[in-house]
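K.L.:
Here are the chains, one letter per residue:
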Amino acid sequence: MRRLSPLVPALYILFVMLPIYWLLNMSFKTTNEILGDFTLWPREFTLENYITIFSDPTWYMGYVNSLAYVTINTVISVTAALPAAYAFSRYRFLGDKHLFFWLLTNRMAPVAVFALPFFQLYSAVGLFDTHLAVALAHTLFNIPLAVWILEGFMSGVPRQLDETAYVDGYSFPHFFVRIFLPTIAAGIGVACFFCFMFSWVELLLAKTLTAVEAKPIAATMTRTASSSGYELGLLAAAGTLTIVPGAFVIYFVRNYIAKGFALGRV
Amino acid sequence: MPLDLKGVSKQVGGETHIYPTDLTLEPGVFNILLGTTGAGKTTLMQLMAGLERPTAGEVWFGGVNVTGMPVQKRNVSMVHQQFINYPNMSVFENIASPLRVARMPKAEIKARVERMADLLKLTPLLGRRPSELSGGQQQRCAMARALVKDASLVLLDEPLANLDFKLREELRDELPRLFADRDCVVVYATTEPVEALLLGGNTATVFQGRVAQFGPTGEVYRRPGTLTSAQVFSEPPINTAPVTKDGATIRLGEHTDWTAPPPIQALPDGAYVFGIRPHHVTLAPDGTHPVAIDGMVLVTELSGSESVVHFRLGADDGAAPWVSQSHGIHAVPVGQVARLHMDVAQGLYFEPDGARIAA
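These protein sequence lines map, in sequence, to chains F and U.
Residue numbering for the first sequence is 147 to 412, as defined by our numbering.
Residue numbering for the second sequence is 66 to 424, as defined by our numbering.
Where hints are given, some of them may not hold.
What the hints assert, rightly or not - Distance ranges between label pairs, derived from CB positions:
1. U/Glu179 to F/Pro328: 23 to 29 Å
2. F/Lys243 to U/Met134: 31 to 37 Å
3. F/Gly241 to U/Thr309: 53 to 59 Å
4. U/Gly200 to F/Trp168: 51 to 57 Å
5. U/Glu366 to F/Leu153: 57 to 63 Å
6. F/Lys243 to U/Glu80: 15 to 21 Å
7. U/Pro241 to F/Asn401: 41 to 47 Å
8. F/Gly241 to U/Gly318: 56 to 62 Å
9. F/Glu359 to U/Glu80: 56 to 62 Å
10. U/Lys175 to F/Val221: 35 to 41 Å
11. U/Lys175 to F/Pro328: 19 to 25 Å
As the list claims (entries may be wrong) - Below 25 Å or equal to it, Euclidean Cα-Cα: the simulated DMTMM-like pairs (lysine to aspartate or glutamate) are:
12. U/Lys310 to U/Asp381
13. U/Lys186 to U/Asp248
14. F/Lys405 to U/Glu197
15. U/Lys71 to U/Asp87
16. F/Lys243 to U/Glu80
17. F/Lys243 to U/Glu117
To be clear, the hints were calculated from the coordinates, so they are not data collected in a lab.
Predicted model, so just to flag it, every value in this text is computed and none were measured.
Where is the CB? At the ideal position from N, CA and C, for every residue including glycine.
Build the full structure now, drawing on both the sequences and the hints.
P.N.:
Okay, here's the thing in structure tokens:
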């Protein structure tokens, strides 16, 4: 039994890594090989799939579009959430607790619920098929999340820090930028990461609100066949590349991730 | 320039935190706010600083009404019980920050910070971050920041409470020296009567949002104006018991009586409250007028040099137990009746409503 114990985590990791390995494996194969025999590693190793993605604008613009609206969304969400979180953390006002909870309920409805009103509204005001449209739509669930995360981190900073700064002569804006924001830098990083992550993986709104100009990579990937038939190798390569930004960003907040999932309340 | 609170009160959402308070604090001495946690010391300080606006009343400083003036314009500095420093700045920048905000020339900032660091033994630590300092060093840094500008009002809110015993003594000894050549109003909040006595100056006893008494520290200790003030200014708590005056005799319970001092004898007969501090209740007769009392011993605490005995007078009627403090180590069996002696010459007499009777 004792000798078997290292086997358990090893098996677990194997199963977790298997789909990712299979994706990677496929991305280096030709479509013919994928559709043909079952092979554990590429017989004909090819970088053709990746070359296509980086040279064909209909592919690489998907990444550009996705990164564009994700970045805009992250900036808007965190910028709007910072003052809101400060207010919830430091002041008592009528209905503050209800409002705070109501924010979170915005995350409790399926995104599909909002697809139609957003589509209709954005078409009417000419926002349809723009990066801003998707970025704004995603703030619906990202601002509440950022407010909750930031509020948790801010409430961990003693109120006396604010008082000390005022006593030292800092005005509120000066204190907020020079002292408070650096103090909760980790929280801002975590909030950014969560905004990035949810905006990056969201497909339905991003797909509904765009057509050509702002089409996200995830929407591009959902086309399985093109004029040249099945392009499974290409799709696998695109999928592999889509994992990269998330893995890259998660690296920077790895020490604070757990605190982020607890909404800053550890 | 003195600080004047004129009928200042503070209510938060229907709850009264500070009842109307009048207080005049003079520069050049320590003004001590003495009271338990939650008594309202911090709120009083926030009102003095301008961090909170009084619900009613006015705050005057040096003859100017500063009630609505924001704290940034008041030239105040403050040290909190928690070690508050700016975590993203080095110790040097922390100390320099009030001067930087005031746009002082760089050379002078450097000179002042270095002088302050020298005074508070922070010179080797100037390059470090606050998180890399020990608790005592963090609090020194906070103090240096409070003292580096020539504030006209310095508020110290239990600055030593979170430090360990040795450091507390060390910093407490340094405090009077730090303020020796300053002409500012110093307010020092503490929960410990001993600290108030060691720092001297003036003391205000604060209890449940009210200033019970204000005056020179020794005076407030020796001649408390009310029972409340005496209770605040006594650790362990002052012993009290109802007594009856019958002619020249004071009776405590059924078996104890003594002759009242002349000013008390002049009072009408009736019920009064007798109070005596724990160190005037001893195991061996002591003082000029010892009176023997018997008590049921509940708890004994033996420290290196003194014996503290908690005991009950008479039956268990729900009253707080008495405390006796004697020099030396004396083993007293718990659960048995012991004979103790109180020096009634040191006793305090109060009206049933709490006002002290001069004796």
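K.L.:
All hints are to be evaluated individually against the structure, with a verdict given for each.
P.N.:
These are the hints, each one checked on the structure:
Between glutamate 179 of chain U and proline 328 of chain F, the C-beta spacing of about 25 Å keeps the proposed range 23 to 29 Å intact. Taking 31 to 37 Å as the suggested C-beta distance range, the pair lysine 243 of chain F and methionine 134 of chain U conforms, at roughly 33 Å. Between glycine 241 of chain F and threonine 309 of chain U the C-beta distance comes to about 57 Å, which sits within the given range of 53 to 59 Å. Roughly 54 Å separates the CB atoms of glycine 200 of chain U and tryptophan 168 of chain F, a value that falls within the hinted 51 to 57 Å.
Between glutamate 366 of chain U and leucine 153 of chain F the beta carbons are some 59 Å apart, a value that agrees with the proposed interval 57 to 63 Å. Our hint of 15 to 21 Å for lysine 243 of chain F and glutamate 80 of chain U holds, since their Cβ atoms are close to 18 Å apart. A beta carbon spacing of about 45 Å between proline 241 of chain U and asparagine 401 of chain F agrees with the range 41 to 47 Å that was offered as a hint. Taking the beta carbon of each, glycine 241 of chain F and glycine 318 of chain U are about 57 Å apart, inside 56 to 62 Å as hinted.
Distance hint check: the CB atoms of glutamate 359 of chain F and glutamate 80 of chain U are about 58 Å apart, consistent with the given range 56 to 62 Å. For the pair lysine 175 of chain U and valine 221 of chain F, the supplied restraint of 35 to 41 Å holds, since their beta-carbon distance comes to about 38 Å. Lysine 175 of chain U and proline 328 of chain F have their C-beta atoms about 23 Å apart, which keeps the hinted 19 to 25 Å range intact. Of the pairs offered as hints, the one joining lysine 310 of chain U and aspartate 381 of chain U holds, with about 23 Å between alpha carbons and a cut-off of 25 Å not exceeded.
Among the hinted pairs, lysine 186 of chain U with aspartate 248 of chain U is consistent with the structure: their alpha-carbon atoms are about 23 Å apart, no more than 25 Å. Restraint check for lysine 405 of chain F and glutamate 197 of chain U: satisfied, since their Cα atoms lie roughly 22 Å apart, inside the 25 Å limit. As the CA atoms of lysine 71 of chain U and aspartate 87 of chain U are separated by approximately 5 Å, the hinted pair is consistent with the 25 Å bound. Proximity of lysine 243 of chain F to glutamate 80 of chain U is assessed by CA-CA distance (about 20 Å); at most 25 Å being required, the pair is judged to hold.
The suggested pairing of lysine 243 of chain F with glutamate 117 of chain U holds, with an alpha-carbon distance near 23 Å, which does not exceed 25 Å.
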